[in-house]
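Using the sequences and the accompanying hints, generate a full structural model.
The primary structure of each chain is shown beneath.
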Amino acid sequence: DAMVIQNPRYQVTQFGKPVTLSCSQTLNHNVMYWYQQKSSQAPKLLFHYYDKDFNNEADTPDNFQSRRPNTSFCFLDIRSPGLGDAAMYLCATSQDSYEQYFGPGTRLTVT
Amino acid sequence: GEDVEQSLFLSVREGDSSVINCTYTDSSSTYLYWYKQEPGAGLQLLTYIFSNMDMKQDQRLTVLLNKKDKHLSLRIADTQTGDSAIYFCAEKRAGGSYIPTFGRGTSLIVHP
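In order, the protein sequence lines correspond to chains A and B. Letter by letter, the first sequence follows residues 1 to 111 of this note's numbering. Letter by letter, the second sequence follows residues 112 to 223 of this note's numbering.
Each statement offered as a hint is correct.
Below, in silico cross-link-like pairs of lysine-lysine (DSS-like), each with a Cα-Cα straight-line distance of 25 Å or less:
| hint | chain 1 | residue 1 | chain 2 | residue 2 |
| --- | --- | --- | --- | --- |
| 1 | B | Lys181 | B | Lys147 |
| 2 | B | Lys167 | B | Lys181 |
| 3 | A | Lys38 | A | Lys17 |
| 4 | B | Lys147 | B | Lys178 |
| 5 | A | Lys44 | B | Lys147 |
| 6 | B | Lys167 | B | Lys147 |
| 7 | B | Lys178 | B | Lys167 |
| 8 | B | Lys181 | A | Lys44 |
| 9 | A | Lys38 | B | Lys147 |
The following label-pair restraints were derived from C-beta to C-beta distances:
| hint | chain 1 | residue 1 | chain 2 | residue 2 | range |
| --- | --- | --- | --- | --- | --- |
| 10 | A | Ala86 | B | Leu156 | 22 to 28 Å |
| 11 | B | Lys178 | A | Lys52 | 34 to 40 Å |
| 12 | A | Gln14 | B | Arg124 | 42 to 48 Å |
| 13 | B | Thr136 | A | Pro61 | 22 to 28 Å |
| 14 | A | Gly16 | B | Pro223 | 45 to 51 Å |
| 15 | B | Met166 | A | Leu27 | 26 to 32 Å |
| 16 | B | Thr136 | A | Asn70 | 36 to 42 Å |
| 17 | B | Met164 | A | Asn30 | 25 to 31 Å |
| 18 | B | Lys178 | A | Gln14 | 49 to 55 Å |
| 19 | A | Arg9 | B | Arg124 | 30 to 36 Å |
| 20 | A | Asp62 | B | Gly151 | 28 to 34 Å |
| 21 | B | Lys179 | A | Thr26 | 39 to 45 Å |
| 22 | B | Lys179 | A | Ala58 | 28 to 34 Å |
Rather than coming from a laboratory, the hints here were simulated on the basis of the structure. Note that CB positions come from ideal geometry on N, CA and C, so glycine has one too.
Below, the structure is given as structure tokens:
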């Protein structure tokens, strides 16, 4: 089945220790998104790639970076995680501006 | 206020109908979506409606759109315990970003 896969599902990192979250897709969609979701809140868009073009949201902290080496993979790098970065991180894909398909998410804990 | 608003909680009895409501502010919205999120999981697209439609039905799901009042609802018939989840309303606007704007989600609790 075509899908959006996120690894790992649960990630624990230490305060200030860099961490990378991974997303892959078999849908061959040209757009990939990273969202941060905290409890009882809407998903908050961090950035997205439209093909190879990187689009950063204005209020995304510099601490968050992303890489998309090819169509199928996209990574979220958190350079120095703080306690406030503990959240669910959701990857999504779409073909152009059509509906988004979400992965299962990675739950990040910062100790 | 927020661009997309939803009530935070809804509790229903198993077998009853659930109605989850959403209001939005932008009259240029072209598509309106309902997503379901089960505990510890990502968002699953349930259904969507074009802004030129009033109603869309898909098995147990009925979406109603009132463009004049900028009001969207999702009705789930014969609600089951497996329907317990958070339901997000989202809108996509014409002429601007193609990124949808999400509401905060309505937590649906189905009890026996």
